[in-house]
Each structure stands twice: as C-alpha cells, then as structure tokens.
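Listed in order, the protein sequences are those of chains G, Y and B. Each residue of the first sequence is one higher than the last, beginning at 3 in our numbering. Each residue of the second sequence is one higher than the last, beginning at 10 in our numbering. Each residue of the third sequence is one higher than the last, beginning at 5 in our numbering.
Just so you know, these hints were derived from the structure itself, not from any lab. Note that beta-carbon positions come from the ideal geometry of N, C-alpha and C, so glycine has one too. Possibly wrong hints are sitting among the right ones.
[Stated by the list, open to error] With a straight-line Cα cutoff of 25 Å, these simulated BS3-like cross-link-like pairs (lysine-lysine) come out:
1) G:Lys478 to Y:Lys252
2) B:Lys122 to G:Lys539
3) G:Lys139 to G:Lys39
4) G:Lys257 to G:Lys309
[Said to hold, decoys possible] A few chain B residues that don't get close to chain G, going by computed Cβ distances all over 10 Å:
5) Trp23
6) Asp79
7) Lys147
[Stated by the list, open to error] DEER-style ranges, computed between Cβ atoms:
8) G:Gln517 to Y:Asp137: 30 to 38 Å
9) Y:Ser251 to G:Glu481: 16 to 24 Å
10) G:Leu361 to Y:Ala116: 51 to 59 Å
11) G:Leu361 to B:Leu137: 55 to 63 Å
12) Y:Leu140 to G:Lys603: 55 to 63 Å
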Amino acid sequence: MKTKTNGEARIGFYVCHCGTNIAGVVNVAAVAEYAGKLPGVVVSRDYKYMCSDPGQELIQTDIKEHNLNRVVVASCSPLLHEHTFRTACEKGGLNPFCFQMVNIREHDSWVHDPGDPATEKAKALVRAAVKRVALHKPLEVKRTRIHPDVLVVGGGIAGIQAALTLANGSQNVYLVEREPTIGGHMAKFDKTFPTLDCAACILTPKMSAVAAHPNIKLWTYSEVVKVDGFVGNYKVQVRRNPRYVNEELCVGCAKCVDACVYKEEKFEDEFNEGLAKRKPVYLPFPQATPPVVVFDPDACIQLKTGKCKKSCLEACDRDAIIFDQKPETKEIEVGTIILATGFRTFDAGRLPQYGYGTLPNVYTSLQIERMVNASGPTDGHIMLKDGSKPKAVGIIHCIGSRDNRTNRWCSRVCCMYSMKLAHLIKQHTGAEVFNFYIDIRAPGKGYEEFYEKLQEEGVHFIRGRVAEVADWPLTKEEEGKLIIRVEDTLAGFVRRIPVDMVVLATGLEPQPDAQEVRRLFNISCSTEGWFLERHPKLAPVSTFTDGIFIAGCCQGPKDIPDTVAQAGAAAGEALSLINAGFIELEPNTSYVVADDCSGCKTCIPLCPYNAISRDEEKKKAVINEAICKGCGVCVAACPSGSIVQNLFTDDEIFSEIEAVLG
Amino acid sequence: MKFSYFPGCSLKGTGRAYEESLFAVCRALGVEVQELDDWNCCGATAYMAVSEAAGYMMNTRNLALAERAPHDLLAPCSACYLSLKKTQHYIAEYPSIAEQATGALAAEKLTYAGKVAVRHPLEVLVKDVGLAAIKKAVKQPLTGLKVAPYYGCQIVRPFAEFDDQQNPVLMDKLLQALGAEVVRYPLKTRCCGGSLTGTIGEVGQRLSFILLNEAQRRGATCIATVCPLCQFNLDSYQAEISKQWSPVKMPVVYFTQLLGLALGLDAKSLGLHRCIVPLPPRAAPRQEVHA
Amino acid sequence: MEMKTNGWQPKIVAFFCNWCTYTAADLAGVSRMKYAPNIRIIRLMCSGRLDPQFVMAAFARGADGVLIGGCHPGDCHYVEGNYKTLRRMTLLKRMLADLGIEEDRCRLEWISASEGDKVKWVVNDMTEKLRALGPLDLPGKHKEWDAEMEALEKEVQTQQEGEPSHVH
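Here chain G stands alone, though its shape is the one from the complex (with noise of 0.2 Å):
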C-alpha cells in the first residue's frame, strides 16, 4: 500500500450530521458548501452518519475515485472516533496520519444553540483542519510488546474475581491487598440480595481458589507505593507490611491468639465494626485468606516495648513469629493493571441528628450484618444493648446519600440491603420493622419482587425523610423509646414512631486516600472522588491511561453483580491486550532535526522519560522514539527549533491558529 502524499494536497472533506445531534444545531450544507471551496478539497460531502460502514465507504471510495492524498471529517470528539476514520483512510489506500477529525459536536453543536454563531465556529474549526492536514506526513504505527502479568489492587470480591479470571485464563496474576486478608466487605456480609444466598457461601470459595491457584501470587497486608512505565511495561514496587509472622510457616492454629499475655480481648476488632474485641494477635476473622494471624504492633507489649513474656512464642509449634520482621519492598513487572480499590462507607456521625455515637441502640448497617451474621460478635442474635430482643426496629434510608449537605449521589445498594436487612431482623426477631425511605430504587432482576416480598411479609415503608432519632418522649409509650420523626408525605403529617433500635442504612464513599492512589496510577478521578472511566458507556472500565483498568466501587457506588460483572469485563479487557501480544503507539513522538540542533541541552534534563540524551561526537540531542510519549515539552523548549512532533509540528500548529482566526 502507497500513498500518494506528493505533490499537491488533495484534500477529502466530509461533514457528518450524526442524525439532529450536529445537524440541529449547525448548518452542515453551508459548512460543506464552505469546504468545498477552501484551498485543495477536490471533494466536500455531508452524511448523516459518516462513522457507519457507507460513511466509511465513502471515504474509501473518495479515496480511490478523486485520487484523495488528505481527508477531514468533521463530525463528533477524535477522543470517540479518530481511530475509525483513520482506519478507514488505511483501507482505502491512504496512510492513516493524513488525516484530521473536526470536532464539532461535543465541541460546537452540543454546546452552543443553533445559529449562525455555532456554525460559523464549525467553519473556522474546518478551515484549520483543511489547512493543517495539507501539512500531515505519513507516518508508521510504532509497536510495543505487552508483559503478559497482571496487577490486580484490591482484594475485595471486585479484585478476587478479575484475579481468578485472568489465572484461569493461564496468565499470571499479582493481587495486592492492604488489609491482613482479601474478602472486602462482602465478608462482612451475612446475606444478598435478593436471592438471600449467604455471603460466606458464594464468597469463601472464591478466597481459597484465589489462594490456593498456581497462577496467583497473593500478598495480603500490603501496598503499591511506586508504578512507573506504560502499557505493557510497568514496573510496581509493592511494600509488604510486617505482619510479625512468616507466612509460609503459619497455619492459623491460632495457638499464639490463646497464649497470648491479654487473656481478655481488649483491642476495637476492625472486622466486626467495633461490636467485639480481639487480642493484639489475631486472625482477623474464621475464614481469613491467608490463613495467618497478625500482630498489631499498637497493641501487641513486645512491638510496642520489647518487654514481653512472649507466651505466643512457645505457644507456636512451627516457629512461625517473627517480632523483628522488617516491611519489605518487592519489585515487579507487569503489562496490565486492574484497580479495584473499593469503597468506604458514610461516618454516620457527621449527622448527629440521628443520634449515632450519642444515643444507645441506634446502629449501622454494616454493624446489623456483623450481628446477623451467625459467626459475629453476637452469635447471629439480634439484640439491644441490655441483650433483649428488639420489638420495633427502624431503618433509616439515604445515610450520608442523595443529600446536598453530605454526598449528592445515590448510592444505589441502601434501599436492597435495607430491605434485606428488614427481611433478616423480622425472621430473626418478629419485629416490626419501619423502613423510611424517600424513594425505593430497585432496578435490578429480582429486586421490584423482594420489594414486593416483603411488603407482603408486612415490613412497613414510610415515605420520607427522617428529621431526627429522639430521645424525648411525649407520652408515656414513647418513654424509654428511640422516637423516629418523620413527616410521612404518603399519608401527608408528621409522625413520631417509637422504636427499640434504629439501623442508618449508611450510603457508599470514595476510600479516603482515592486522590493519592489515582496519581500514583496517573489515572483521573470524578469530582467526588470515584475513578473515571474512559467513557461512560463504551468504556466503562478502561481509564485514560492504557493499560489500567477499574472494577467494582472504586469507580462508582454498585452491587455485588455489577462488581463481579465489571470485574470479569476488566480481565477480560487485560486479556484482549496480553492476547495482541503487541499494542500500536500513537506515532506522535519527537525527533531532532540534527542539523539545526545547537547542542545546548536545555532539552534533556525536561524529558519526563529520560529519553534525550547527547550524541558527544556530533554535540547533538538524539531522542530514543521507543521511550518517548509524546508530550512535546521538549519541542516548545528548543530555542532553535529542532525538536519536530509527529502529528504536531510548529507548521501545523501555527497553521491551525492561523485558520482559526480566519
């Protein structure tokens, strides 16, 4: 395949309508009719869709008819389409780079009203393009290999599942967690929607796979501190926190936990959020992956002052403890990266009407599945503080959700576990139980019916949204009661519900250290903190930086479905680029022009990559294409202008502004 690039530009233009979305607002005739007329287009067409197969065809069989060396189609963001409409160039006979895209819906027709202003910007933006692609050089697909390994950060059921599928799939996998064992939240789980399948049942299978699997290299208590490189060849170092325990040797006897000094547990257990204690050394919970107790060197006497009797040492028959155990950095190499960070829940706290922290008996929902759950600090009992029986329980919905004081979105899991925590305390007490709710959202297969399950069930549901959990009685009934307050909007007043224990279905957050772990991944993050996707719809979990992938709420709040659903798209979209083999470079990297390089080196020391270096026999700056990106920080540094960036040369860039202008 030869393009014809020499002599004269023969420029291609098309204008795409996409339906009323560019054509509504812009009058694509006249841009057209414009074009037409504007230095070297040999041909000017409007389209309804040019991205469907006959707009590419169009192109292509311009191409061939009208002897096209150039072609400009303006139509949606080049971040969306640029790729087919440069393969369509290609198929056509043309190299790809002598291409241009317009954007004139995302950045014109969809922000301006129709008019002549919104297309006189469609022309002036089309002028520029028509001008710069005269300049456009062939250029050739640079590729790189891709390290067939995968990081996979975050061992929640998100990360458990991209892992396990990627293993399976014969690749090997590193999965990282912070936490002293993987399960996430959903271990903290008793039951799930809406099939009341129990968590551990459906969970812990998945752990010891994860385990057990030849593919799969599990550190637990650790983190990613540093990631460098680019698709297909990133370097992590892990650090390994000290868990005062060799790994290989202990087995979770848990002898140590028994031997320990404290014969009373004294510590806030974290697994069971806060409703238990444990020992300085503990396995965090039964089914804990890997199976390996840990210290916690703020509780345990001999980290903390080197003054124990250390009864946990003769305790362990297999030598396992090591109080001088040391954090330790690993090094890897991998080609893919899959986040799958998680979430935090609402500190129901920060809203002290509901008496959270301040009044007995009022609870969150992650501490009611903690009691439900029959391997919890309460035996699976549901009880009050004196240890009776709840007769009447509220559930508050929207804690910390759909709120302009705290956090705008819906957390889209409350209203589900709500009720399904409705269902759990109704068969384990025969309470009444009051969910309060502003609207129920369960939009998933089977959700409307447990909704409806348990309406017959005789859960009641008040609309509207609870002013305060009171501890002020009114009446002799009330006495001793957590009093909900709520203006009930079905049935139009205000009424006051006395209850024994109130439950605040807590909404979802970002992890608190979102910000600092999305720079060390150089990916993007929301304005609330959730990791961004590339595209909404088409890339819902590929990031803008290739080669990193999202899964599970780290990008945004959602259940167990849609975790384990995004999490197998993740692996799968890791293992479409492993399967390649090779994945193509944009080829708008820099080069010098030797002869009019000076040798000062003001370029080297400002490459991001070190991919500058001196040529000390010819005094000149050389740059090695393979490491370079392409920002082109180097070019707008050279004070002689020797540095040229495919896709981006001065000529071009002055071009387009100097169209733009008109």
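Fit chains Y and B to the given chain G structure using the hints.
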C-alpha cells in the same frame, strides 16, 4: 473591634435584658457597639407575610443605613437577623426585588450596595473575640451550673453561615468555656411557639412546654437562649403551662447574661432581675467588691 | 482612534491538553452545557507543548484572548508537563504586560477531565471579561503602526531630498 448595632423592637422592650447584658459583656471584652441612627422595624415574619415587598424594603433601608459605616451590623434578635439576611439574599438573587428596593431607597437618597455583613453576637463573641480570650477573661466560672443550650429556629435556618444547621454547637462551646455543664439538649433548634403564643395560645404554649419540660427532665438549672421571643415565650407562661400540663419551673436567660456572670459583672447590670422565673442565687453568685 | 465594534465578538483561541481539559470540554458537550461560542479549541497532547510563540501568533493574527487548559498540578499525564507550562506562562505574562496586552487576555486554567462545568464557567467568564476589555485588534494596530512608520520615512525622505545622497 467595632460593630454597628441594630436593636430591633424587642431589645428596647421585652428583651431589654438582652441589650443590657450584650452591652455589658461587649464593654468588658473591648467590643465597641454603635447603635444604628434612625433605624426602623425589621417587619419580622409578620410584615413579610402581609406584604413581602414592603418587608424587603424596610430591611433594605436598615441595611442602607448600616452601609454608611464601615462596620459589620450586629443583629441580636433572631427575627431581625433572619429578616436582614433574607432580604440580602433575595436582593442578591432577584434583580426585580433589588430594583424595587433601590427605587424606594432613592426617595431618601439612600443606597445599598450589598456590602454590609449581618452578624449575630453569638458568632461575633465565639469567633471574632474568640473562646481563648473569653476563657482568659472569666472571673467566676459557672461551675455546677447545668445549662440547656437553646438556639431557636431562626439563627441557623435557612442561612447556616456560622454553625451547623442540624446541630449548632457554638453556644455549647461558649458555655463550656465559661465552666458551665452543658446538658445534651436535642431540642436546641425546635420551635418555642413563636408568635403562636399570642394568637393561638394553647398551641404555642404546648410547644414551649415541651422545651421546658425536657430541659427539666434532663436536669438543667436553666435554659440559655439567643432570641428575645424565645426568652419571652419560655419565661412568661410557666404558671399557665404548669396548670395546663405538668409543673415546670425553669429559668430562661440570655447567653449574654451567663457570659456576663462568668466575667464577674453584676446581676443587675446584666438585667437578670427582669427574669420572671429567677435564676437561683447560687448560680448568680454575689458580686465581689471592686476597688 | 475609533474602533469598529459594531457586531464585534471576542475571539478566543484555546490550547487544551488532550488528557484533561480537552476531555473536560468533551464532557461539557456530552452534558449539553451551554457556553459562549467565541472559543476555538486547538488540541495539544500536553499543555507543556505550548510554545509561547503560539500565544503570540494568536494575538498577532487577531485573537482577543488566549486560553490554555492543562491538568491540575500533580495530575499531568506526562508527569510534570503542566509545571513547565506554568513556568513559561509566568515569563510570558510579563512580556505580554510590557506589550500592553491586558492580563485577562491570556489565561491559564487547570481543568481536569471531570470538570466539564469548569470549562463552561471559564469560557463564559473569559468571554465576558474580553467583552468588557473590547477588541485587541493587534493586526489593525500593526497596520496603523506600519502606516506611521511609512509616513515618518517619507518625511525623512523629503528632508533628505535637498541633500545629495549616495545611499543604495
């Protein structure tokens, strides 16, 4: 530190003790207060309900008067504070109201540029003077005094500019700094009955009763308030309320009065003698003899 | 001099980095946010590619304002290109001031990929500010200055005509 001061009708009438105690503590803490010359009624909630436009204009006039001085405007009465804030908000948001109001001002050759800041003394004392300075100035800590902090409905709603809307805490902090024990009082922003006590007495008094009864149930020695109407409602009808529902006896004082006591000022200068239900003498200790 | 302001609209040339601000402008589009049609966006891979000459060229060709958009500090897709932009802009702004070009005419904004609303706000705000400043019309001024120079030259020539000249 200097402020313009908008007393409104209450602080010259039923709420005289508020003005007296505010002046006394400001003097003691080095805050200068200059009463606005030729101020007029804020219209409170009543006027806005009858004629909104006239309500805005009355407030705009006061704001315009205040803008002649380079100070923030202190508005201790909750109704005045809210009316002024609301007017500022509507004038900033709705050009038609702004036009009407400035048109009306022109008759008096007054102008309003939207620059003056309307402030509540609670905010000024806690944030501008500062808890540290106040703590330093305390001469007779209110040790043993159990206070129910009562903010009323207006100073943090809807314009929560200096405290939390659901759970304001500035007065709690101030009282703690004075050495008092703050009773957990979740009704701190609940309605006192407002003007209902004057129109549908029974409804208004029942709302007052709930507040008084709950403070009593929680073992408070007194209720501290920031609003003259709240003080009046809660203090004045306790005999009727006791007959109607159940016995209540609960002193209701201005936060500035408690601050004054802690600063060692004498009870009379703080207007404490004006309370209908008196603050128990132990809580209002004898003034030490000054040189 | 009297400027022709009849129907005049400020012209803004914008240089947006591919990864943050260009994407934010796409997001503004997808979200159908309406903003002033006075802006012409030119895509660069990184704001660090911005040669100060691009700004000068835009003014020289008749732009009333130049807007540069990059990733927030610490967020650059190319590690630290935006810091280099900041450094260059600091110097460039001094030069523009010396040339009598008002500060509001050249603006650097950090706009992340999720800040479509910021694109809208910045474009509208800048358009309003430029409207208040009026046309820069550097090309017109160039013509005027050239004409002055020509007149001056002529004057010098007429003076010299009396004297014998052996120049050229």
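Hints, verified against the model:
1. G:Lys478 to Y:Lys252: 19 Å, holds
2. B:Lys122 to G:Lys539: 23 Å, holds
3. G:Lys139 to G:Lys39: 23 Å, holds
4. G:Lys257 to G:Lys309: 21 Å, holds
5. Trp23: The claim breaks: B:Trp23 does not keep its Cβ more than 10 Å from every Cβ of chain G (closest is about 6 Å).
6. Asp79: At roughly 7 Å from the nearest Cβ of chain G, B:Asp79 sits no farther out than 10 Å, so the non-interface label is violated.
7. Lys147: 16 Å, holds
8. G:Gln517 to Y:Asp137: 30 to 38 Å: Given a distance of about 34 Å, which is inside 30 to 38 Å, the answer is holds.
9. Y:Ser251 to G:Glu481: 16 to 24 Å: Roughly 21 Å apart at Cβ, these two residues keep to the hinted range, so it holds.
10. G:Leu361 to Y:Ala116: 51 to 59 Å: Hint holds: Cβ distance 56 Å, inside 51 to 59 Å.
11. G:Leu361 to B:Leu137: 55 to 63 Å: 59 Å, holds
12. Y:Leu140 to G:Lys603: 55 to 63 Å: 59 Å, holds
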